[in-house]
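Below, each chain spelled out in residue letters.
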Amino acid sequence: MRLHISSLSVRYGKLTALRDITASAEGGKIVCVLGPNASGKSTLLRCVAGLQTPTRGKVLFDSASLLRLHPRERASKVAWVPRSSEVGGRFTLRRVVELGRYALGPSPARVDEALATVDLLDRADTIWHEASAGMKQRTSIARALAQRTPGGLLVLDEPTSALDLRHIRVVAEVLRKCASEGDLVIAAIHDVALAINLADTAFVLRHGELVLAGQSSAVLSPGSLGEVFGVDLAWATDDAGKRHLVTP
Amino acid sequence: MKPRHIFVWIVLLALLIATCIARLMITRSTLGELSFVWPDSAYIGYRLVPMFAAIVVGGALGVSGMGLQVLLRNPLASPWILGLSSGAGLGVMASMMIEHSRGVGFPEGETIGAVAGAIVALVAVYLLSRGRGGLDPVTMVLVGVVVSVICGAGIMVLQHLVPMGLRGSFTTWLMGSLPETMSYVRLGILGGVVSVGTLLLAWWGPSLDAACLSDDEATSVGVHLPSLRFRLFLVSSILAAVGVIIAGPIAFVGLIAPHGARLLLRSNHRMLAVGSAIVGALLLVGADDARQLIDLGTGRLPVGILTSGIGGVVFLLLLLRGRGKV
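Top to bottom, those sequences are chains A and B. Read in order, the letters of the first sequence are residues 484 to 731 in the numbering used here. Read in order, the letters of the second sequence are residues 1292 to 1617 in the numbering used here.
Source of the hints: derived by calculation from the structure; they are not laboratory data.
Chain B is faced by these chain A residues, among others (derived, beta-carbon under 8 Å): (1) R529; (2) L534; (3) P554; (4) V561; (5) W563; (6) S568; (7) E569; (8) V570; (9) G572; (10) G583; (11) Y585; (12) A586.
Here are the simulated distance ranges between beta carbons: (13) B:S1518 to A:R539: 22 to 28 Å; (14) B:R1295 to A:E613: 16 to 22 Å; (15) A:A723 to B:I1297: 55 to 61 Å; (16) B:H1515 to A:H487: 22 to 28 Å.
The model shown is predicted, which means the values in this text are computed figures rather than measured ones. Ideal Cβ positions, reconstructed from N, Cα and C, are used throughout, including at glycine.
Kindly produce the complete structure, drawing on both the sequences and the hints.
Here it is as structure tokens:
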């Protein structure tokens, strides 16, 4: 399975959100998309998930354009986790996760498994509007897990922004497991340390342009990231000898 | 289905049957005395017609309101938010004006005027709300409000031009009232339309559930939103138009019924479609029962006044209850 992004540009009126992006990624990998605010991360992910029509260029998933597929067919190939979910009506968390099976047919076992994975099985009957931000985010992730087809595409826009440390680790493990089952996982992540730990490949955006792309260990260095984010960064080594990116 | 839901269905159906029986039995004599007796066979038709009309109109408005609340992603949406009643009102007013100026009445002139006005308003709202991705809910609400205002201005101009007597009959139409005479065939056909509309929305229930997510999320789980929104617009508008044809603009039932059903049945739209129809029918038959009991010395009140008055208070209570104030 291969994703190929070719000369992708997106404009909103006079604003250029993405400018001539060309990149590719293979199944079984985790790609982290990094960049300052308003650098075009969410727009890139929406294009990859087939939710946004680009002004120019194309996104091909195994040589086929996701935009041309009926949403039902696309749902069997791509699972999407938004930065923050919106749910109208009085739904329980379980019902929100069940909606991930809308196009694929009901599967209580997959829904239970997804809820258990994100630690929500015992709180599945909580009403959405009464849930905390972290629970809502975990519910969105569970919905994508209930929907995903191994070997497909899993696209996540800042999936850990509302999570505590334990659940960040849980989600990181889940994403690794998905990649090990052949999924191509693409996630926008603000936490650079998490991205360094998680990513096989990194795409770094600035002002809508892809300024760095490649193997994360090669691309995510203090010098390169410091320049993109406009801060001083350096490696620090802990007692176990593990390197961490820090602001001195 | 959960036992709680089975209990709710039984209670709703029992209440609907009870209010229907009450509608047939409540009798007010010419001296104003109330009694509770089964009517003579000569008079029962005058009670059966408004009772069936209330079921059809209440059901139509309830289901239409539910569909529009999903379509517009707005819990305050009702069948009148798209300018349908104002368009129908302008159509009725125009037909009265034409009849008056030509000095002859046309058969079904008011009905034809209402349907034509409603269709023109809805087509305008549809065309002006269309974007690249299909119907846009926010634009649709704004366009609906603007179309209502323009139709309202047209109504006022025509009211200014017609003689006083005609103004009175138009004001009566605007209040909304259930007919006491109507052919059972016509009522049956309109009831059939409402049943088909209700079943369609129930069939689309899982899509309506998914459409409660944001646009991106709904699309990502497999909903074709432009197609769903067009279908919802079409069916909800037809159902609301059925209500207007039979009873004129009956307020609040389309707003309250889906909320009542949601309170009792949660947010599974397959059940909510049928639930909104039953709650809508129950509200309108109940309001028609209540108006038989009220005597202000000037005849019975039009049922639309009761639905507005009671519906407004109930809605305010629901709103305050949601905010934990009552």
